[in-house]
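Trainee: Residue numbers (the UniProt record's numbering), protein chains in the order written: chain A, 1 to 121; chain B, 1 to 416.
Read the hints as simulated data drawn from the structure, not as lab findings. Predicted model, so just to flag it, every value in this text is computed and none were measured. All C-beta atoms in this analysis are idealised placements derived from N, C-alpha and C, irrespective of residue type, glycine included. A hint or two may mislead.
Claimed, not checked - Here are the in silico distance ranges between beta carbons for each label pair:
| hint | chain 1 | residue 1 | chain 2 | residue 2 | range |
| --- | --- | --- | --- | --- | --- |
| 1 | B | Gln283 | A | Ala32 | 35 to 45 Å |
| 2 | B | Glu45 | A | Pro115 | 27 to 37 Å |
| 3 | B | Ala120 | A | Ile60 | 51 to 61 Å |
| 4 | A | Ile60 | B | Gly387 | 57 to 67 Å |
To be verified - Here are some, though not all, of the chain B residues that point toward chain A, as calculated from beta-carbon distances under 10 Å:
| hint | residue |
| --- | --- |
| 5 | His31 |
| 6 | Arg34 |
| 7 | Leu169 |
The lines below spell out each chain.
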Amino acid sequence: MQFMLILNETPEDFARRADPDQAQEYWGGWNAFIGAMAQAGVIVKGDGLQGPAMATTLRIRDGKRRVEDGPFAETKEQLGGYFVIEAPDLDAALDWAAQAPSAHSASVEVRPILPMPAPPS
Amino acid sequence: MSAGPDSSDTARIAEEAARASYGKLLAILAHRSRDIAAAEDALSEPLVSALSAGPRRGVPANPEAWLLTAARNRLKNAARAGHVRRSAEPEIALRALPDDSGDDLPDPRLRLLFVCAHPAIAPAARTPLMLQAVLGIDAARIAQAFLVEPAAMSQRLVRAKARIRDAGLRFELPEPADLEERLGAVLDAVYAAFGRGWDDLERPEAPESLTNEAIWLARLIVALMPQEPEPKGLLALMIYCSSRRAARRDKAGAFVPLDRQDTRLWDRSMIMEAEGLLIRAAQTARFGRFQCEAAIQSVHVQRPMTGRLNLDALATLYDLLVGHTDGIGARIDQAVVMAERGDAARALTGLDALAADRVARHQPFFVARARVATLAGQAEEADASLGMALSLTTDPAVEAHLHDLRRQTATKRLRS
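Generate the whole structure from the sequences, applying the supplied hints.
Mentor: The structure is reproduced here in C-alpha cells:
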C-alpha cells in the first residue's frame, strides 16, 4: 500500500528553517528522517514545501474564482511537506511517521493513497 | 441407549459449533482483504443454512471446513460479480487466500481481536466491533446493550470496518515491542463489554447482559495467549465479580453493598477458579492492572474466611493500581480505603482534588465522597454528596439504598 505522510509544522518550526542558530539542527533532523526512509527504500515521492506565507488559496464560490494569499485557515499547524511511501500497512506507515521531527512539535497525518480504479475489462 | 442425538441436540451442537467457529472463520476470510463486512456477508448464508439444515441432515463431519468452503465460494462469486471490487486489490487478495481450514498457528482469532482494538479504531467502536466480529452478535443487540440507537450502532460498526479495509490497518499480531500496550487495548475492550453488562445485570428491564460474552472472550484470550498474565488477571477479575452476583440483591430486590453481602451466597467454585487464575498469572512475575484489580477482589472474598476485611492489603493494592491506570475509579476507591483506615480528612482532600469534569456526572464518586465525608465527621458534606449521587442514579434499588444512607446521615447530624 502507499501512504501519504502529511507533515504538519508549527510557525516556530517554519521559523527555524532560516534561523542561523537553529537551521542546522532543523535540517539535520529532517535529513536523518529522510535518509532513513531512503535507506529503507520506502519513498515513492516527496517534497518539502515553502512556508504557509507563500501559500495562495483558491476557492470557487457562486461560479467565481476567489483567490487569497495565505493558507486556508489560521491554525497552529500548517503543511510543511509530504512524502508518499510504500508500506505494508498503516502500522508500518505510522512507525515511519513517528520518526518525523515534526511529530514531536506538531503532527503527521497518515492517509492511504486512493488506488487507481481498475481499468475496464 | 439412543441411536443418536435428537434434532434439538443437533441444533444445539450446530449452534455451539457456530459460535466457536464464527470468529475463526471470519478471521480467515477477512485476513488478506481486511474486508470484515464482505466476510460477514459471505459467511451469513452458509451459516443460516447449516443451522437450519442441521436437524434434517445431521451435523457435517467437519462443519468448520464446510462453512469455510461455502463462504469462500460466495466471496469469490461476489468478487467476480463486482460486488466487492473497489480496485484491483480484492481479486489479488482472493487468489492469495490460503487453503488452510483454520488449523494454522496462531489461532486466526487473535489477529481479529488485535485489529478490532487497533489504536486507529475509535475506542467507542472497539468493543462493539469485537462482539460482532468474533462472536457474531448482531448490531441490534449490541446497540441495546450500549443504550445506543440501532442505526447509530450500525453506522459506528460500518465506519470501523471501512477503516480496517481502506486505511490499511495491520491485520496481524503486533510486534513484540508493542504487544503489552496492544494487548492492554484488547483487554480494555473486553472489560468494557463486561462493565456494560454488569451495570444492568439484575434489572429485569435491562437489555440482555454481555457479561457472559465478555467472560467467553477473556477465556479465549487466556487460551490463545497462555504465556501472558494480564488476560488471566482480567478473567479472574470478571469471575470474582460474577461470583457475587446472587448476593448483590436481597430477597426484596434491594441493593446490597459489598460489605453487607451475605457471603454464603457467593459462588465458591467461581472464587476457586479466579484464585487459581490469579496464582497462575503471578507465576510470570509480570504484574499489571488487571491482576491488581483481581487481587483487590481476592482481598474482598477473603473476608468471610478471616472475619475481617484486610484494609492494609487493599491500601497497598490501590497504591499500585493508581500507578497502572489513570482511571478515576482507582483513585476514588483508594480514597475510600484511606478513609476506612482512619485518614478520612486526607482522603476527602484527595477526592476533592480530582478533576471536576471527570467526576461531575460520575455517580460512584458521590457515593464514595459521602462515605468519606461521613467518616471525616462532615455530615453536611455527606448529605450533599448523597443528594448528587441520587440525582445520577437510575436504578430504583440503588436509589432506595442511597435514601437509607441519607436518613442515617440525617440522624447522625441531629445527634451531633
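Trainee: If a hint holds in the structure, say so; if it doesn't, say that too.
Mentor: Structure-based check of each hint:
1. One distance hint, 35 to 45 Å for the beta-carbon pair Gln283 of chain B and Ala32 of chain A, holds here, with the actual separation near 44 Å.
2. Between Glu45 of chain B and Pro115 of chain A the beta carbon distance is about 29 Å. The supplied range of 27 to 37 Å therefore holds.
3. Here the CB-CB span from Ala120 of chain B to Ile60 of chain A is close to 34 Å, at odds with the stated 51 to 61 Å.
4. A C-beta distance of roughly 58 Å is found between Ile60 of chain A and Gly387 of chain B, which places it inside the suggested range of 57 to 67 Å.
5. Residue-level restraint check for His31 of chain B is violated (minimum Cβ-Cβ distance to chain A is 12 Å; threshold 10 Å).
6. A distance limit of 10 Å between C-beta atoms decides the matter here; for Arg34 of chain B the minimum to chain A is near 9 Å, and the interface restraint holds.
7. Hint status for Leu169 of chain B relative to chain A: holds, with the closest Cβ pair at about 5 Å, below 10 Å.
The structure is inconsistent with the numbered hints 3, 5, although it conforms to all the rest.
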